[in-house]
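There are 4 protein chains.
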Amino acid sequence: MQACNEGHVVGYGDDVYTEQAVSQLKNIFGKDTEIYFVFTGTAANVIGLRNITHSFNSVICAETAHIEEDECGAPEFFTGCKIIPVPASGGKINAGVITPHLRGFDFEHHAQPRVVSITQATELGTVYRPGEIRALSEVIKPHGMYLHMDGARIANAAAFLEMDLKSFTRDAGVDVLSLGATKNGGMYGEAIIFMNSGLADFFKYYRKQGMQLASKMRYIAAQFTSLFSNDLWLQNARHSNRMARYLADQIAGIPEIKITQPVESNGVFAQVPASIIPKLQQEFFFYVWDESRSIVRWMTSWDTTPEDIDRFCVLIKQLVG
Amino acid sequence: MQACNEGHVVGYGDDVYTEQAVSQLKNIFGKDTEIYFVFTGTAANVIGLRNITHSFNSVICAETAHIEEDECGAPEFFTGCKIIPVPASGGKINAGVITPHLRGFDFEHHAQPRVVSITQATELGTVYRPGEIRALSEVIKPHGMYLHMDGARIANAAAFLEMDLKSFTRDAGVDVLSLGATKNGGMYGEAIIFMNSGLADFFKYYRKQGMQLASKMRYIAAQFTSLFSNDLWLQNARHSNRMARYLADQIAGIPEIKITQPVESNGVFAQVPASIIPKLQQEFFFYVWDESRSIVRWMTSWDTTPEDIDRFCVLIKQLVG
Amino acid sequence: MQACNEGHVVGYGDDVYTEQAVSQLKNIFGKDTEIYFVFTGTAANVIGLRNITHSFNSVICAETAHIEEDECGAPEFFTGCKIIPVPASGGKINAGVITPHLRGFDFEHHAQPRVVSITQATELGTVYRPGEIRALSEVIKPHGMYLHMDGARIANAAAFLEMDLKSFTRDAGVDVLSLGATKNGGMYGEAIIFMNSGLADFFKYYRKQGMQLASKMRYIAAQFTSLFSNDLWLQNARHSNRMARYLADQIAGIPEIKITQPVESNGVFAQVPASIIPKLQQEFFFYVWDESRSIVRWMTSWDTTPEDIDRFCVLIKQLVG
Amino acid sequence: MQACNEGHVVGYGDDVYTEQAVSQLKNIFGKDTEIYFVFTGTAANVIGLRNITHSFNSVICAETAHIEEDECGAPEFFTGCKIIPVPASGGKINAGVITPHLRGFDFEHHAQPRVVSITQATELGTVYRPGEIRALSEVIKPHGMYLHMDGARIANAAAFLEMDLKSFTRDAGVDVLSLGATKNGGMYGEAIIFMNSGLADFFKYYRKQGMQLASKMRYIAAQFTSLFSNDLWLQNARHSNRMARYLADQIAGIPEIKITQPVESNGVFAQVPASIIPKLQQEFFFYVWDESRSIVRWMTSWDTTPEDIDRFCVLIKQLVG
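These protein sequences, in sequence, are chains A, B, C and D. According to the working numbering, the first sequence is numbered sequentially starting from 1. According to the working numbering, the second sequence is numbered sequentially starting from 322. According to the working numbering, the third sequence is numbered sequentially starting from 643. According to the working numbering, the fourth sequence is numbered sequentially starting from 964.
Possibly wrong hints are sitting among the right ones.
Calculated pairs, DSS-like style, for lysine-lysine (alpha carbon to alpha carbon, straight line, at most 25 Å) [claimed, not checked]:
id : chain 1 : residue 1 : chain 2 : residue 2
1  : C       : K858      : C       : K846
2  : D       : K1129     : D       : K1104
3  : C       : K900      : C       : K808
4  : D       : K1221     : D       : K1242
5  : D       : K1179     : D       : K1167
6  : B       : K537      : B       : K525
7  : C       : K783      : A       : K204
8  : A       : K31       : A       : K279
9  : B       : K525      : D       : K1104
10 : D       : K989      : D       : K1242
11 : B       : K462      : D       : K1167
12 : A       : K141      : C       : K783
13 : B       : K579      : B       : K537
14 : B       : K600      : B       : K579
15 : D       : K1242     : D       : K1280
16 : A       : K317      : A       : K204
17 : A       : K216      : D       : K1129
18 : B       : K537      : C       : K858
Because the hints were derived from the structure by calculation, they are not lab data.
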């Protein structure tokens, strides 16, 4: 980012840094995609959805989805749409849970189903296989619906699947993708990838009206270039996945702790004795995922070290011992 | 309505007809309530909710609720709120299903729970008992939340409960009530009752901005006066309830037909052979409630006659016979 | 309306009364128009505009327009658009005042101009001539913009122009028309006429989400049928225009009173001694239009009588005498 | 920013960097203010306004204001409010132009006036004197209205006035301030200062729902700390003001060019021969402000050098020569 800090460039994205970052991402997703930057993951989701919905539409997602649980109603507020949460085992949804909501088409009393949104990796750290994504796509496409993917942690999914990004997004039927960087080492800034350029006809206006047009966009672009011009994005994700795996292995032998989700990305969900949570939180920051069942979420990151994990596990063993 | 058609009065509700109707409703619900008229049941719900929410709030309701299923996303669009549908047995919700959603308070990532909305009689024709309503109220009031009631068919509930309207609304903890007239013999127009006048401080602006201010409000008011100046509202409701009861009794003996909900108001839900539905619909208008399970909804009305029911049942018996 | 009160019909507009009213209006405006009913004039304007705008658009109108002055921000709230008020001499706008705002196209920082909205007859009682409307249309059509007409008092304009409704609407370039009935003798209900059926593709959803779908639409339709199946609408308008003319003539000779606008429909705008206003208002209801300049607005109506005018003028002469 | 890039901190603003930046700004504006960060200047304006308005309010501003001209309708979309542009000489508004709009209070048909918004330095490069600001405040405060200031270039105003920031904001009656950094050397991020902490009760929810909550807020905070822990912000502004002054002086002697606004900050507005504009733009980036009158806007910046200006002026002289 230092590099793009020198000299003056035209604002609002008409600069070589933005052009370069877009070009690199097009190498991944296809020349005929439309690629734009916004500030936050919530904005990537919301403005992506806004481009493919009318206010009278509905968006179906997992009951654990970020757009349902953690965006303070921004999707509803900004798109006007109804968000329909459906039961999600391990954070994933499938044809069985969405099909009951594929109804009421053409009936004006009913919010018109328009989008299914999935998160990859999911909020529970699990990862959709390409076939699972394609299956969802095939169920909804006959209704003229779109498949949206919240990819705030898509790098972790790619690292787990050992597949290129396009194979389990565009090739699997995803129409619009929020491509995260902040959780993978970036300072700020996320990308929205429209797999079909026609979906982005009004994007620039929705972005500006959504207060997401960066005057100095080159700084966001530079981060993407830094991550995607080589495989830094993948290295970061592999590392954080490995650290989660390492953490899971370390605590697997502690009988008081039960890992509740498959560890497929950079998060470990565990049921722990309630009494140890506050003491752990004095030393390490993490969220309690489900207070009633004493389940916590431990996230690893591109800069987590094995020593961090070791210290964490030593403390856990002390506390439960 | 003819009566108020003569002469000129001041528009937008500053007239004696509106004053009289409000006064009659205050006799029922209390002098310190605030009472206003709008055009439709959807508007009564949505504008009622808007007065007691901020855009970052959430509203919890039955998955079968009208605000969830049949208002084309108007609640989300107009209030900005998240609507959270919860499982509803027989159309009713209880503490058990709402408690898991009473969380995330003060956490800015999470839409802040603000309202529980129930429908009385429910969309499935069942009726909340006062104790069930009070129990919901007691669960949410400690969180500073409000209890909203969609009373599009509240007259039918009153007829079933044989109780006055206040006893199972205001006295049971309801804060805001949509009081229906259209489904009970009116031409158009519904009332919103704010049990605490402080909740309606900005009502008049939200109603106007919500396109629900009638210039000739006296015509709505006259309908309420006609219904509530004597017990016409109750007679109408009793009649339609009786007709539903009569229908249920008539078909109870038909083995091919299974009544799926308790008949507590003016609707009968029944599982019928799929093949007879289109033939029945040629003669009588009704909605298929659940196509996958072949469940239909038969509504009776203030002007349904026993002869109507008899003709209907004769046809059914022919068709299944 | 009594007639359509008998018997049961299917709700929400799928009935013969609605069909008949639509058919009559299509006889006026053309078979290929799309015609729908809503409850209020504000709703007709707002939902009409919503169908032809995106939230990032702007709507240019007279600074005196109802959508700017008297709808409590409903157009902004419901469409998300910027409303741009421009100077309006006698309530009318022209190419000279709108052209400076036809800029910023394709520039994402700027709300994109999309609609010019005019009122006929205007809020100041004046009437656009067909050539004036066509001139506006010709200025904006090259930009892909639409011409919207708020016709809450269009009957009065037709009576003044002595022209059929189509000649100064569709034929003059109007794309969407709010056709008023309430101010011309109706109880409630207005029509929206889309001159190009493609503009109404999503209308039914926007109407429902806008809380304007009448379950018993036949009652609105019956009023339109009553007004438009013969020339009742025109008789009413002619009468109220005549009464305004009569009023203007009566007060023309009073030196203390100055008529400030051409009297072309059913309103008389007059500058009067400030001291007489409260006394006049004790006997007759009217609005003060501009308090700073002591200008009042006197509206006549389909049921105003010459005797009403005479009594009014006698009182004025007493007060100023 | 490098400094805050090391180690892990808690996200979403609960970190020492954010605390430090807030503390420094409180030293300027007062301990009892509320200070928050968002991403863009548009967001600072819009979310600031949202906290002090209801959707049925109106906001009065200069016809040249950024919120009117350059935010693609984001204020209307996000607040629901009507924006009322008023004539602005040199970008400034005064009591004379706003008073005609201080009307319609308590009248539900009329959007309720709630805020006057001014820009400091204005979009035309001029600067309000403290007395001018105080005069606006005194006109609106009796109506319970708020004074909002868009301070995207407030540093330039402070440099011109040679006054501390508080003296012409809080002390002059400003209630909410957008405090810009991006245009004064920052990469991204702006602050909102609520002078009365009660105005920000729901801020955190509006920010999150407005998609403006930075997960790594320390990076925004670090920029503010860098600018405001010493007088870097002021040095940057003084420099850019001097460069504008220098530019104005250089071109003052060119008869073909007419400076159209007082040069009080870092912008020079000039009427130039239309023919030279494209040639100048080949070498230097700037906006044409008013195409019809051939007026351009030349902005200087914290890193503009006298040599840049010299080269620019040499080119101009060549082109007009």
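- Take the C-alpha atoms of K31/A and K279/A, compute the straight-line distance between them, and say whether it is at most 25 Å. Given pair K31/A, K279/A is violated - Cα atoms ~51 Å apart, limit 25 Å.
- Going straight from one Cα to the other, do K1179/D and K1167/D come out at no more than 25 Å? Measuring from Cα to Cα gives roughly 15 Å; hence the hint holds.
- Would the pair K1242/D and K1280/D pass a check requiring their Cα atoms to be no farther apart than 25 Å? It holds: about 12 Å lies between the C-alpha atoms, which stays within 25 Å.
- Take a quick look at whether K462/B and K1167/D sit within 25 Å of each other, Cα to Cα. With a Cα-Cα distance of about 23 Å, the restraint between K462/B and K1167/D holds, given a limit of 25 Å.
- 25 Å Cα cutoff - pair K525/B, K1104/D: 23 Å, holds
- Task: With a cut-off of 25 Å on the C-alpha distance, tell me whether K858/C and K846/C pass.
- Result: 15 Å, holds
- Query: Given the proposed pairing of K1221/D with K1242/D, does the C-alpha separation stay at or below 25 Å?
  - Reply: 18 Å, holds
- Message: With the threshold set at 25 Å, check whether the alpha-carbon distance from K900/C to K808/C stays at or below it.
- Response: 35 Å, violated
- Item | Holds or violated: K216/A to K1129/D, with C-alpha atoms at most 25 Å apart | Violated: K216/A and K1129/D sit about 28 Å apart, past 25 Å.
- Compare the distance between the alpha carbons of K141/A and K783/C with 25 Å, and conclude whether the hinted pair is satisfied. 36 Å, violated
- Query: K1129/D and K1104/D: Cα distance at most 25 Å?
  - Reply: Measuring from Cα to Cα gives roughly 19 Å; hence the hint holds.
- Between K537/B and K858/C, is the straight-line Cα distance small enough, at 25 Å or below? Roughly 18 Å separates the two Cα atoms, so the pair holds.
Comparing the model with each numbered hint stated earlier shows that hints 3, 8, 10, 12, 13, 16, 17 do not hold.
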